[in-house]
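Protein chains: 2
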Amino acid sequence: MSRAALAVKLGHEFADQSLFRTALTHRSFGSPHNERLEFLGDSVLNCAVATLLFKRFGDLPEGDLSRLRANLVRQDALHQLAVGLQLGTMLRLGEGELKSGGSQRPSILADAVEALIGAIYLDAGFEVAHRVIEVLYAPLLDDLKPGQAQKDAKTRLQEWLQGRKKPLPRYQLLAASGAAHQQRFEVSCEIENPPLRTIGQGASRRIAEQVAAENALKVLKA
Amino acid sequence: MSRAALAVKLGHEFADQSLFRTALTHRSFGSPHNERLEFLGDSVLNCAVATLLFKRFGDLPEGDLSRLRANLVRQDALHQLAVGLQLGTMLRLGEGELKSGGSQRPSILADAVEALIGAIYLDAGFEVAHRVIEVLYAPLLDDLKPGQAQKDAKTRLQEWLQGRKKPLPRYQLLAASGAAHQQRFEVSCEIENPPLRTIGQGASRRIAEQVAAENALKVLKA
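Taken in sequence, the protein lines are chains A and B. Mapping of the first sequence onto the working numbering: residues 90 to 311, in sequence order. Mapping of the second sequence onto the working numbering: residues 90 to 311, in sequence order.
Excised from the complex, chain A in its bound form (with noise of 0.2 Å):
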């Protein structure tokens, strides 16, 4: 993908193009690098996010909201948003870096997602880059289930077992494959009673057993 097709993308065509293509730009590549962008991207997405649960859910107190946004912005989720916008075929890395796969590390793909929005805030200020990540995170938000989202699955699968006196969930490693950029995890949930076992594949261990225990919720409350 070309750059002008990554601006299409995000809704943002950049005006100083030297800060699109330095928030491109791994540190293995030479400076000037992303990382300073990031720290300020960061700030930005918290902000953005920040607000848009602010304004979409006007009753839920402060402790919730913290919880729903730590999720959305954590690297899962920034690595997500990376693969959509196909980052990984744009970044300009080292050689050692490229052969090693980092152009399909989640931790370097979610860290040019935050870079990318701290450039775009600098480019064009922040109500431009409030409306990039609000278009971005639209899916995301329209996922979120309030007083259910804000716990993880495997919160409300512990609580849904404990509510009824029940044993809790074991998880357990099943498989791990892949080269380090790129590992599939398979984790399985026994539950005692009622007699049930769930399997949940994700890109690590604990996105495993999420899927796990949210595959073991929906039997469970089918």
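These are calculated hints, taken from the structure and not from any lab test. Treat the hints with caution; some may be incorrect.
If several chains are the same, the list does not tell them apart, and a pair holds so long as it fits within one copy or across any two.
Taking lysine to aspartate or glutamate and the EDC-like style, the derived pairs with C-alpha atoms no more than 20 Å apart in a straight line are [claimed, not checked]:
hint : residue 1 : residue 2
1    : Lys98     : Glu281
2    : Lys144    : Glu216
3    : Lys240    : Asp212
4    : Lys144    : Asp105
5    : Lys144    : Asp212
6    : Lys243    : Asp148
7    : Lys307    : Glu281
8    : Lys144    : Glu124
9    : Lys255    : Asp165
Please build the complex by placing chain B on the supplied structure of chain A, with the hints as guidance.
Chain B alone, transformed into the frame defined by chain A:
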């Protein structure tokens, strides 16, 4: 102080006075209180301070910027700002909280500063909130010496001594006085070689230690 006088100090006249009132209402007083505004204001503050540092220190790497920001947005700093704004007299607190000195409690005052920033942001947008923060923080920013200031005084003192192969300083609590919400601490910092003993005072043991270390550095570098 009246709210009108506070508005002048802040440099912002609220279009929506109910936002202003809510920002100054502690949860002990009743609803609506300022906790949601505090959540929002915290993120606005982080973003604005990140921006001020990013622009002021064009060469500083991301880690140093993060450290500087952490110092500027933590409770001590916000408490200082609240004292400067005389927020204590303006807060709406429940009776119990009022009697136990809540209007001078650093955490309550720091939270109210964040809530006020959140209220200004909702009332007039990011740029206005950013400008208010820039004015509030101007003295603190002018005091920063990057390369120095990103490390606290205790760290700098330790490094100064280690670099000269001298034994590390010892800190000792000499006195703590005052009611819970306005305690004063006095701490000594003792150095073996060159033999030196300095004293620091402050609203927490940590602050008193930093002041004592800063005083030791002044002597050692003189």
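Item checked: Violated constraints from the hint list, given by number and in increasing order -> 1, 3, 6 and 9
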